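Asks: Those protein sequences? They're chains G and P, same order as listed. Numbering (our numbering) for the first sequence: 1 to 345. Numbering (our numbering) for the second sequence: 1 to 564.
Quick caveat, the hints were computed from the structure, so don't treat them as lab data. Remember, it's a predicted structure, so these values are computed and weren't measured experimentally. Backbone N, C-alpha and C fix where the C-beta goes; we use that ideal spot for every residue, glycine too. Treat the hints with caution; some may be incorrect.
Computed, partial: chain P to chain G, Cβ under 7 Å [claimed, not checked]:
1. PRO162
2. THR336
3. SER338
4. VAL344
5. ILE348
6. ARG361
7. LEU464
8. PRO475
9. GLY478
Residues from chain P that keep clear of chain G, each with C-beta distances beyond 10 Å, as calculated [as the list claims (entries may be wrong)]:
10. TYR47
11. LEU61
12. VAL91
13. TYR137
14. PHE168
15. THR208
16. ILE242
17. TYR245
18. LEU260
19. ALA333
20. LEU337
21. GLY343
22. ILE372
23. ILE386
24. SER469
25. GLU542
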Amino acid sequence: METRNVQRLIRRSSAGAWLLLTSPMLIAQGTTPSTLAPASTPAHQIFDLSVFVVAITGGIFLVVGGLLAVALYRFRARKNDSRGEPAQIYGSTQIELAWTVIPILIVVVLFLTTARIIFAIQDAPKPKTALDVTVVGHQFWWEFRYPKYGVVTANELHIPASSEAAPAATFLKLTSADVNHSLWIPQLAGKTDLIANHVNTMWMDPQKPGLYLGQCAQFCGSQHAMMLLRVYVDTPEQFNTWIRNQQHPAPQDSVVETGRTVFERQACMNCHTVSGTAATGRFGPDLTHLMSRATLASGATDNTPANLRQWIKSPDTFKRGALMPAMQLTDEQLDQVTAYLETLK
Amino acid sequence: MSVYTLPVSQVTDPSTPASERSTFLEKLHGWVVTVDHKRLGILYILYSTFFLLVAGAEALLIRIQLAYPHNHVLSAQVYNRFFTMHGTTMVFMVGMPFLFGFANYIVPLQIGARDMAFPRLNAFSFWLTAFGGFLLYYSFLGGAGLYGVGNAPDVGWFAYAPLTERSFSPGHATDYWALALIVSGFGTLGTAINIIATIVSMRCKGMTLMRMPLFTWLLLVVSMLTLVTITPLTAAQFMLLIDRYLGGHFFDTQAGGSSLIWIHFFWIFGHPEVYVLVLPAFAIANEIIPVFCRKAIFGYPAMVAASICIMFVSLSVWAHHMFTVGMTSVSNAFFTLSTMLVGVPTGIKIFNWIATLWGGRIRFTTPMLFCIGFLFQFLIAGLTGIMLSVSPWDWQLHNSYFVIAHFHYVLVGAIVFCIFAGIYYWYPKATGRLMNETLGKWHFWLFTIGFHITFDTMHFLGLLGMPRSIYTYQPDRGWNFLNLVVSVGGLIQGIAVLIFAYNFIVFYWRGEVAGDDPWDAWTLEWTISSPPPVYNFEEEPEVHSRRPLWDLKHPDDPDWEYES
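Chain G with its partners taken away, still in its complex shape:
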């Protein structure tokens, strides 16, 4: 019972801290990837913990900062000070003991609270129904693999929303194909690094369908800033539709046969996969359902036919330093290959 009361007290005193923390939200817009607008259990737990920590540290700041301000004001030198020096005080064991013990007690409280959340998030048991996704970081894009469904996609992650009736957590396995990266979608969970030869895990269970933004949070080279990330939280129905569409091989449209030939005869297919065709490259994003994505080049630009053509013609326009080379295609070839890619829905 007593701990309950303490918790209630802490919660009340945390109200101010909560206001302080959320005030920047007033400036932010709807699409801000804010840590202060959590939308998934780990992010919520972290946010609640942060409110508690801000309440304690804010209290310390008020006390210590206040003492400092009072000392500066009260003991400022004045013109009518008596001559000579103020009384010299060399120390006091009791006082010093007090301001050693009190911080230790605060540390104990903070540590125990924190440890609980560390274990709650990091060691959370994985439900049997959880969706598995493997994330592979590449210079400068994301590869998402859904092993259970045989689906591979890039840069835009689709996961189902969780509800009390149908809980659906997503567990991510993270690794890297080259340098270190870090996956961060502030509203859904804390970040976790993607490191080659090393598999990390993280999980999330967003409740509200919608688009959540994030980006790479570990410097990974020249276009680190353009390694953007979009997470679509779908309703279970939307998710099923999406995954079924992704499972289909690419449609064979004879109208764009010439474009497909360009794709397969130039170096495109060395790096890109279009399932159901001869293109099985793995260095670049899987393009089987390129048109189901809203952006190109890991979020560097919108996925429109004009942007796609320009991206193939000269990737430097949007993302200088991206590893995709400009293939020196003729205008005709560009039109053809763009038309072909536009059919990959």
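Here the structure of chain G is known, so what remains is to put chain P in place on it, guided by the hints.
Replies: Same frame as chain G, but now just chain P:
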């Protein structure tokens, strides 16, 4: 053996006829070959002031680029070079040389010695450090030359492998970075050894360890910490070069190496490094705060104990930079606890400073103003440090602008503020002239206002999800206005530093003559003339307490009657 036996650099006094005074070249030669700890101290300070201006200019360019989303002032490649060089410069070419400069100049004077224990090693160390800095900056000219900024390193000051491996960083940019840090690292080690030897063996009569001024005490602690800290960095740099040129695979993940090994090595260096930088800042504050509130430092033994405690605890916290690399929950909990524990000795220090102020008569001179700024900012930096030690919250804040804000609060709000305080405080000792108070106050207020506009705002950008090391950002993320504010604050700080530079240079000639003891201070360096003679002390001084000048000025009420 002294350099002054050389005919080209004889000390001249102004009464010497012009024909017999040394020429500019002879003076320059005198400075280059000097082994005098005071001249080397000044060289260190000038060297780091120069690089402070350079790294500040880099920071301003970074902020101009980030003032607006999708700005095109710097390309991605040039931006990456600038933020790497800014960080590397500020830590290795500004922070450490500044503090070693103060140590070189002040420590022998405070302990009543005639020079450092190893004057030639001292000169050698300085030139190694300087060579390291120039080597790093030569990278701007190497390779393709200045256009596109040559071969300047672009892997971040933390240089996480495998990005630094040859497959991802071809060319010589990373080599310049590694070699420069190895060279300047050896210089740092030499100076650290020298400071330890000096403090251990060259104290004057009566100066027991517990009568040493706190500045000297903290420099002893820092030097010991430096020995433990720089070594793993240097080892890691060698391993990196072996990877790059001799086919080693320490960090080469594609051949089975481990990125985590680099990260561990780097932060085993990197975190104690923060204390290597901040303890000398404490040291400066420990000298200035008592003098300008006219009271002895409160709890001297506790201050010493807290410093030693910080030294040891700081060696056990490095992995709080690694909460996101996928450690086990137990490791995360351990490093959360060890990091929070640093707050205890640090808290003791802050409380002792406040207790020193309490009951004093505070004079708000420029050095004291900078120390007060330091106290407030360091308090906040400590509290945001507690927030970052909470590992689940760190999973959100790590590598975001919140972290940038936090460590700039430490590195600028605490360390640079104390460096400025130290310069205003000891400038009259080194030059014989006072810096201008009015300009000093302009410098303080503009710098403080600019500092808070910039770095307070950055905390919120971090909470709103902005990661570090990005050369631009999307306009739809809600970061536009705050970034503009941060950049404006940066410009204000730039103006303040220019005022400082003007004050620093011009008042060398125009400043008021200081006299031996302009601040009415208490430690031994204020007993001798300003600037001090080459030999420092005519006779070896003898001390009876921590404040020998207090005893002299108050023979009826000497310190040694009260000190425990």
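Asks: State for each hint whether it applies.
Replies: Hint-by-hint comparison with the structure:
1. Satisfaction of the interface hint for P/PRO162 is found here, the shortest Cβ-Cβ separation to chain G being roughly 6 Å, below the 7 Å cut-off.
2. The beta carbon of P/THR336 is positioned within 7 Å of a beta carbon in chain G (closest approach about 5 Å), and the interface hint is therefore held.
3. Hint on P/SER338 is violated. Least Cβ distance to chain G is approximately 10 Å, over the 7 Å limit.
4. A cut of 7 Å between beta carbons decides the hint on P/VAL344: the least distance to chain G is about 5 Å, and the hint holds.
5. Given hint, P/ILE348 at the interface with chain G, holds; its Cβ is 6 Å from that chain's nearest Cβ, closer than 7 Å.
6. Against a cut-off of 7 Å between C-beta atoms, the interface hint on P/ARG361 holds, since the closest Cβ of chain G lies about 4 Å away.
7. Below 7 Å, beta-carbon pairs count as interface contacts, and P/LEU464 has one with chain G at about 5 Å; its hint therefore holds.
8. Because the smallest distance between the Cβ of P/PRO475 and any Cβ of chain G comes to about 10 Å, over 7 Å, the interface hint for this residue is violated.
9. The closest approach between the C-beta of P/GLY478 and any C-beta of chain G is roughly 4 Å, which is under the 7 Å cut-off, so the hint is satisfied.
10. No Cβ of chain G approaches the Cβ of P/TYR47 within 10 Å, the least distance being about 28 Å, so the stated non-interface status holds.
11. The non-interface label for P/LEU61 is consistent with chain G: the shortest C-beta to C-beta separation is roughly 16 Å, beyond 10 Å.
12. The beta carbon of P/VAL91 sits about 16 Å from the closest Cβ of chain G, which is more than 10 Å, so the claim that it is off the interface holds.
13. Non-interface status of P/TYR137 relative to chain G is upheld: no Cβ of that chain comes within 10 Å, the nearest being about 21 Å off.
14. Taking the minimum C-beta to C-beta distance to chain G, about 6 Å, the non-interface status of P/PHE168 is violated against the 10 Å cut.
15. At roughly 16 Å from the closest C-beta of chain G, the C-beta of P/THR208 stays outside 10 Å, upholding its exclusion from the interface.
16. Chain G leaves P/ILE242 outside its interface by the beta-carbon criterion, the shortest separation being 19 Å against a cut-off of 10 Å.
17. Against the 10 Å criterion, P/TYR245 stays outside the reach of chain G, whose nearest CB is about 19 Å from its own CB.
18. Under the 10 Å C-beta cut-off, the non-interface status given to P/LEU260 relative to chain G is violated; the minimum distance is some 7 Å.
19. A Cβ of chain G approaches the Cβ of P/ALA333 within 10 Å, the least distance being about 5 Å, so the stated non-interface status is violated.
20. For P/LEU337, the requirement that its beta carbon stay farther than 10 Å from each beta carbon of chain G is not met, with the minimum near 5 Å.
21. Non-interface call for P/GLY343 relative to chain G: violated, since the shortest CB-CB distance, roughly 6 Å, does not exceed 10 Å.
22. Listed as outside the interface, P/ILE372 is inconsistent with that label: its C-beta sits roughly 7 Å from the nearest C-beta of chain G, within the 10 Å cut-off.
23. The Cβ of P/ILE386 sits about 5 Å from the closest Cβ of chain G, inside the 10 Å cut-off, so the non-interface label is violated.
24. Non-interface call for P/SER469 relative to chain G: violated, since the shortest CB-CB distance, roughly 4 Å, does not exceed 10 Å.
25. Chain G leaves P/GLU542 outside its interface by the beta-carbon criterion, the shortest separation being 22 Å against a cut-off of 10 Å.
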